[in-house]
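Undergrad: Here are the chains, one letter per residue:
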Amino acid sequence: GEEPADEANGGNEPAASDFLPCIVSDAGGFDDKSFNQLGYEGAKQAADEFGVELKPVESNSENDYAPNLESLVAEGCDVIVTVGFALAAATKESAAANPDIEYVLIDDSADGGEDGQTFDGKADQPNIKPLLYDTAQAAFLAGYAAADFSKTGKIGTYGGMPFPTVTIFMDGFKQGAEYYAEEKGKDVKVVGWNGKDGSFTGGFEANEAATNTAKQIIDQDVDVILPVGGPIYEGALTAIEDSGKDIAMIGVDADLYETDPNTQEVVLTSILKGMKVSTYEAVKAAGEDNFDFEPYVGTLENDGVGIAPFHNFEDQVSESLQSELDEVKAGIIDGSIPVTSYLNQ
Amino acid sequence: MIAATDDAVRESAGYLFAAPTDFFAAVWEAVWGAYTALFRGAVYNDRVDDFATQIRPLTETLKYSGPLIAAGLGVGIGFRAGLFNIGGRGQMLLAGAAAGYVGFKLDLPMIVHLPLAIVVGMAVAALWGGLAGLLKARTGAHEVITTIMLNWVAYYLVLWALKQSYLLQTPGSANPKSLPMKDTAILPDLLGDRFNLHLGFLLAIVAVAVMWWVMNRSTLGYRIRAVGESPTAARVAGIDVGRTYVTVMLIAGALVGLAGVNQTLGTTTSGVTPDLDAGIGFDAITVALLGRSRPLGILAAGLLFGALKAGGFTMQTSENISVDLVLVVQSLIVLFLAAPPLVRAIFRLPSKEAK
Amino acid sequence: MVSKKTPIIVGVLTLALAIILLRRGKSGDTTFRLARDSDFVQLPDVVLPGMVSAWVLLIVCAVMAGLSVLAYTRTRPTPAWVLAVFAFAWMAGFLCWAAIGGRLSVVSLFASAIALAVPLVFGALGGVLGERAGVVNIAIEGQLLFGAFAAAITASTTGSPWAGLIAAMVAGALIALVLGLFAITYYVDQVIVGVVLNVLVVGLTNFFFRQVLTPNAASLNSPDRLSVIPIPVLGDIPLIGPVLFRQTPLVYLLYGIVALVAFALYRTRWGLRVRAVGEHPMAADTVGIKVNRTRYRTILLAGAIAGLGGAYFSLVSVSGFNREMTGGAGYIALAAVIFGKWDPIRATLAALLFGFASNLQGVLKVLGSPVPSEFMLMLPYVVTIFAVAGLVGRSRPPAADGIPYRKE
Amino acid sequence: MKLELRGITKRFGSVVATNRISLTVEPGEIHCLLGENGAGKSTLMNVLYGLYPADEGEILLDGEVQHFTGPGDAMEAGIGMVHQHFMLIPVFSVSENVMLGHEATGFAGTLDLAAARERVREISERFGFHIDPDALVEDLPVGVQQRVEIIKALSRDAELLVFDEPTAVLTPQETDELMEIMRQLKEAGKAIVFITHKLREVRAVADRITVIRLGKVVGEADPKATNAELASLMVGRPVELVVHKGEAQLGEDAFVVEDLRVVDAAGHVNVDDISFTVRAGEILAVAGVQGNGQTELTEAIMGLQDHVTGSIRLDGKELRGRSVRKVLDAGVGFIPEDRQVDGLVSSFTIAENLMLNRSFKSPFVRRGAVRFDVLREFADEKLKEYDVRARDIDSEAGELSGGNQQKVVVARELSRDLRLLIAAQPTRGVDVGSIEFIHKQIVATRDRGVPVLVVSTELDEVAALADRIMVLYRGKIVGIVPGDTPRETLGLMMTGERPKDVVA
Ligand SMILES: Nc1ncnc2c1ncn2[C@@H]1O[C@H](COP(=O)(O)OP(=O)(O)OP(=O)(O)O)[C@@H](O)[C@H]1O
Ligand SMILES: Nc1ncnc2c1ncn2[C@@H]1O[C@H](COP(=O)(O)OP(=O)(O)OP(=O)(O)O)[C@@H](O)[C@H]1O
Ligand SMILES: [Mg+2]
Ligand SMILES: [Mg+2]
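Chains as they are written, first to last, in the working numbering: chain E, 52 to 396; chain Z, 2 to 356; chain R, 21 to 428; chain F, 116 to 619.
Do not take every clue at face value.
What the hints assert, rightly or not - Subject to a maximum C-alpha distance of 25 Å in a straight line, what follows is the list of computed DSS-like cross-link-like pairs (lysine-lysine):
1) Lys-205(E) / Lys-173(E)
2) Lys-380(E) / Lys-235(E)
3) Lys-183(Z) / Lys-164(Z)
4) Lys-555(F) / Lys-499(F)
5) Lys-247(E) / Lys-46(R)
6) Lys-205(E) / Lys-237(E)
7) Lys-335(E) / Lys-202(E)
8) Lys-46(R) / Lys-205(E)
9) Lys-202(E) / Lys-183(Z)
10) Lys-247(E) / Lys-183(Z)
11) Lys-46(R) / Lys-240(E)
12) Lys-360(F) / Lys-499(F)
13) Lys-301(F) / Lys-339(F)
14) Lys-173(E) / Lys-183(Z)
15) Lys-361(R) / Lys-24(R)
16) Lys-117(F) / Lys-331(F)
17) Lys-117(F) / Lys-360(F)
18) Lys-25(R) / Lys-310(R)
Said to hold, decoys possible - Across the chosen pairs, the derived CB separations fall in these ranges:
19) Tyr-207(R) / Gly-141(Z): 28 to 34 Å
20) Met-111(Z) / Asn-245(E): 55 to 61 Å
21) Gln-367(E) / Pro-252(R): 32 to 38 Å
22) Arg-426(R) / Phe-222(F): 46 to 52 Å
23) Tyr-207(R) / Asp-190(Z): 39 to 45 Å
As the list claims (entries may be wrong) - Sample of chain F residues with no beta-carbon within 12 Å of chain R, all distances over it, derived:
24) Val-131
25) Asn-134
26) Met-294
27) Asp-387
28) Ile-389
29) Ser-438
30) Arg-583
31) Gly-598
32) Glu-612
No lab work stands behind these hints, which were simulated from the structure alone.
For clarity, every value in this text was computed on a predicted model and none was experimentally measured.
Here a beta-carbon is modelled for each residue, glycine too, at the ideal position from N, C-alpha and C.
Make a model of the complete structure from these sequences and hints.
TA: Dropping the structure here:
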């Protein structure tokens, strides 16, 4: 997160154009090391390119969503990015009331109709563009890589809270590992997620619960671990350090190797969720007046999701791994390798 | 201009360690400037022309006050009986979830549906609060512990229910969110569509009136006060202290429950979520204390807090004051309001120097 | 009169375990790991036939339950050793069953329980001290958070985690000072001040985290962690060593502080005066003790201790500060204060029980418990409620707790 | 040390508690302060002790003006005080209480408890107290707590000692012992201020007597003056010291207790198989040293004790096992011994306190609502009838002086339709004028045909009221004797001995 710093002189300068992009966070705030932050960075990047100010508003609770949107409307925003499924309802409402404003909704389809049960694959309001990410696909690759990398044959994962945006990673990870096991006829065990339920720290704070959950998983002889949920990966980092063993970690959302240099020693790879890029593009399109309201679903195919390079582990993973991953990726893209997640069930 | 001062805050924050005084001066200026924004967001917006929009902030304040008042009453009645109910969060969550369940699941005419949803929500919360009361009466378990723990239990319970499609989860969706409320279960708007103010506020006012009567006029209130002031004397006077604790916690739960109901059926009708309490359960403690646990005091404190909340949005969006500083400003206001002698001391200081 | 509670609880627990074993029998062995890979003495793993062992332990439980009932019928309280044996056998039996087919590290089971409890113990000690002097400290959460914040920044800028610890203490004491100013000097309701201070600290730390720490993460928010420093010899004792003496210095500091606070509170002039002021300030005043000065001093110390607990979050659990990273630990600490009946040792035990239950929850989940994770996450809270209702019962706070002292 | 108070004025809001009071106390003198409840005696002493700053006036010790900022300064100057409301910390041991504030310490501030114990023992021995230095104060009977207070004052070698109503909670023997101690202290050259409502005591030890009324000194009295003279000086009107009571008109056996046994949570038997009967129109006084089961007996009758066996019948109906509320509903009036803890809610107004145990039924309740109009009318009436000295019925009970608080409790209990009255220590800490009044009310209740059980450690009171006297010792009945049994015999029985000539 570099952006907030150079905001300091934003207020005094007159806007270069009268385009006003805005963004509302969910209760996690823009420094959640996850979707709020990436969404913010993407929107900010677009705003900077236009030379305009981005109006960011944070929410403290779900009570704040609607009023925050309202006050942004009052401020004359042209495009409003809303982050998280929690904002879906408020976004729909605001969108209905303000058909001239363009909305970008991250991580929810805004679908379900009046009664919440009529799914037509489109956002319920025509001026909402949903940004969705089938991260299970990317996590599948990560699971495959982890299974290949693991020497103990045990890999683990844990999440902050059992929310679908969290468990979708765990789902793909497990499927990928199982696919590997089947293909190679090896025994690979996934600890911490059984396809339905698993280990959770009970929150998205980087605290002892996060560290301890990681330790418990490591205690099961796991040597690759995937923590899912904002800053809880920091707990895994600590647990790895304390274990004194060679354990690799897999990051989520962005390339952890880049965003947190402290992790460079241990990140095997990261599961990328292209929120920054897609938000950037959506805001940019809005600023250039060629906004479209087609739901965006990030997949391996459109590079909306993916996995990061192995960086320091480049020479530790098996030689054929990268090419195998490319094959698997192609398989997923052409549908020959099915990956299930809540987005396509 | 005010925006500029806030930028000054940010700038000085950058070199905080070099010149802390600059920073705090900037904060103070920003805080001062924030008041106008607060006022504009909470009471009366002088920047627009038509009357309805001008007073809209006031209606927003009232909307936010509703649950704060109701929950404040729930915490306050506990204090009157000598019980510290930190369980607002759990009680609200369960109330909201239960009311929400009735609200989206059943098909009934409004005249039945809405009251039923409200009553079910309040009843569930009452039982949850009553549980803490019962534990206290039966085993002596301290209500501070049990209510804190029950908050978490309620939270995970609701979270779990939100994953079960036969309970709260929207069928076909994976998100922990229920269906939106049916129209027949939504608290109607009081001033028409243009305003968000809904019946929940009136219910809270009714609760204030009822509580005022109960605490000041009824024998039940008399007994509650007696138990709160002197459990020993109350016991000798034939008042069953344990039973009174249970009664109080039942009522407290129901009142806090009203706040939860207000959330799902009034403020955010789009469905039950695990965050529906929105921190009100904890704010209610301050509201109750600031209102000295008296119904009318709680009404006033609730209105103040409602204004702080409503004004906070304007502070954030139009003055670029970060939501975190909004919290800071709010807590400073409460602290200084609670300490009139300190405020006097601060303001007397210059006059002394003048002499 | 002997309470019926104990035999009833013991009986119900025995029955519950029996039902679990009957209904959900599994087959396979249970592996208990008694050492970590890094340990000096490598005790071998213990492999037990899971079901058989569980049944044997259940029988032990049943015998103990019988003894408890017997004691009750003779109107005697259940002997402590019976309870101890019961607790051990029950837990062991349950784990034998739960970990069938898996590996359970006994060292981790306890070491992690301590780790989870550390900030709670610091917070609870801070709470105990404050309340013993008659000042209710709801602001433990704020002190933890501010301590974590100050520790991270200071340790990063100075490059020394030890400086971080000192900063954490100062930060905690600072919050205590504000609490004192309002609650002691201006008689503002202590609970209001506490609750509001928590909000204030959240606001301030969030603000600085974003505006200052995040942009300058490398220089301001990447402290060196306090790493594990095994104590020579002690740390090599099998089982006990790795559990107690292969921890971070902050944990050793905690042992010292718990002992010191417990000692000072009951055995020194300072402690006598603190307790006097919390029980009957007027009486203390009549013998010439400056009530409010004593209260100030005590809460400042209490704040410093709680602040240290904050450092655990940002210097031990993870390295660096994160917004609202204490996540309600201060409230749990508050519960531990009361659960521990305002006694430093008991409060420590209460926090440890909570830590154990949280850890157990995670361990069971990793081992593949069929119970939904939401219910597993509830475990520590539910255990606390049962413990308080079943074992602790009525507890009496210091008589003048929460009451400002004014003379007229 | 010579004490001089000059023109001390202390106001609480609009109340002038002491109004330009001047007083001199010489070394080796016992100076008694007499005055009604609320006259301002305690306030004056608290000013002297540095607890309250005086609004006007000055304090001189050996001719030097003192400026006390707190009790610490006063103690430093050699003043010791035994407070009317004990300044002891209940959860501390005797030694800890005694050492508090001037602790002997060893290495690194550790308490030297051994030294404190020694000090307690030494002083106890000097004055013949029997006190276990390690006992927790809360476990001690009030009489013993009183001694701890005295030891506290003595342990600091005070030159001027203030005793604020120290005898209110003492047994006759204990009182005599205390008088003896005061004489010893006086011999040792200490100056003593002694506050009491008991004229017998005043006449026994006083060298000089100052009478205070309504915050002002109304004069000095001669220690040789008669009780009646002292009493009328104090109250400002003639007082009847012995209540005239007619022959009891005995009715049937209205209140029958059989084989009553009360066990506490720790398993101690506090009331051990006792049986007695009180007839309608009779006062049975329960005498005994504090802590011999009286408290548990009354509480068991009221339904306030948990482990009670035996039978308690009122008008043939069993009371045992009923809730407190049902016992009250059966027409039992109860004046608890500790009015501050059990009898009143101190933050409630007088009016609210007057309906404390009638919050369920008429006259003050109608359909769940309190009838404040009826209550206020009633309260106004009782305030006058019982001469409660308070601003008005909206004064908080906690603001009243002890005697006036007691009157509120008595007024509440006696104005109910009683079938039985239980009065525990009904006049503890109450001034002579009020004692007279309260005694009259109790006798009047008897004369209405109500059985009355009076518990008192005060032999004067027992003698004044009792038709028959039951002496308790260690939870057992020593004997039930006629009302005119001589003091000496009763005193002996209270130690557990049963003189042969006593008929049951
Ligand atoms: N001893 C008591 N202490 C406190 N509250 C009580 C007590 N007894 C009853 N209540 C409360 O008073 C209300 C009325 O209860 P209930 O119907 O038992 O009263 P009642 O009809 O006057 O009594 P009863 O039927 O026993 O004569 C209830 O809210 C109950 O909880
Ligand atoms: N802290 C206080 N605040 C307000 N009024 C007080 C306070 N203390 C005493 N008073 C009032 O001052 C007056 C004198 O009270 P004080 O306690 O000195 O009486 P007293 O002579 O000691 O009576 P008693 O014999 O009952 O102990 C009374 O009217 C009392 O109500
Ligand atoms: Mg007095
Ligand atoms: Mg009834």
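Undergrad: Is the hinted pair Lys-46(R) and Lys-240(E) satisfied, with a Cα-Cα distance of at most 25 Å?
TA: Roughly 20 Å separates the two Cα atoms, so the pair holds.
Undergrad: Can the restraint linking Lys-202(E) and Lys-183(Z) be considered satisfied, given a maximum Cα separation of 25 Å?
TA: Distance ~55 Å between Lys-202(E) and Lys-183(Z) Cα, so the pair is violated.
Undergrad: Does Glu-612(F) sit more than 12 Å from chain R, CB to CB?
TA: Its Cβ never comes within 12 Å of chain R, the nearest being 32 Å, so this holds.
Undergrad: Using the beta carbons of Tyr-207(R) and Gly-141(Z), state whether their distance is inside 28 to 34 Å or not.
TA: 30 Å, holds
Undergrad: Please test the hint of 39 to 45 Å on the beta carbon pair from Tyr-207(R) and Asp-190(Z).
TA: About 43 Å separates the Cβ atoms of Tyr-207(R) and Asp-190(Z), which means 39 to 45 Å holds.
Undergrad: For a C-alpha distance cap of 25 Å, please report whether Lys-555(F) and Lys-499(F) respect it.
TA: 16 Å, holds
Undergrad: Using the Cβ atoms, figure out if Arg-426(R) sits within 46 to 52 Å of Phe-222(F).
TA: 37 Å, violated
Undergrad: Take the C-alpha atoms of Lys-183(Z) and Lys-164(Z), compute the straight-line distance between them, and say whether it is at most 25 Å.
TA: 20 Å, holds
Undergrad: Going by Cβ atoms, does Arg-583(F) stay more than 12 Å from chain R at every point?
TA: Given that every Cβ of chain R is farther than 12 Å from that of Arg-583(F), nearest at about 34 Å, it holds.
Undergrad: Would you mind confirming whether the straight-line C-alpha gap from Lys-247(E) to Lys-46(R) stays at or under 25 Å?
TA: 21 Å, holds
Undergrad: Holds or violated: the 32 to 38 Å window for the beta-carbon distance between Gln-367(E) and Pro-252(R)?
TA: 35 Å, holds
Undergrad: Is the Cβ of Val-131(F) more than 12 Å away from each Cβ in chain R?
TA: 14 Å, holds
In terms of the numbered hints stated before, the structure departs from hints 1, 7, 9, 10, 17, 18, 20, 22, listed from lowest to highest.
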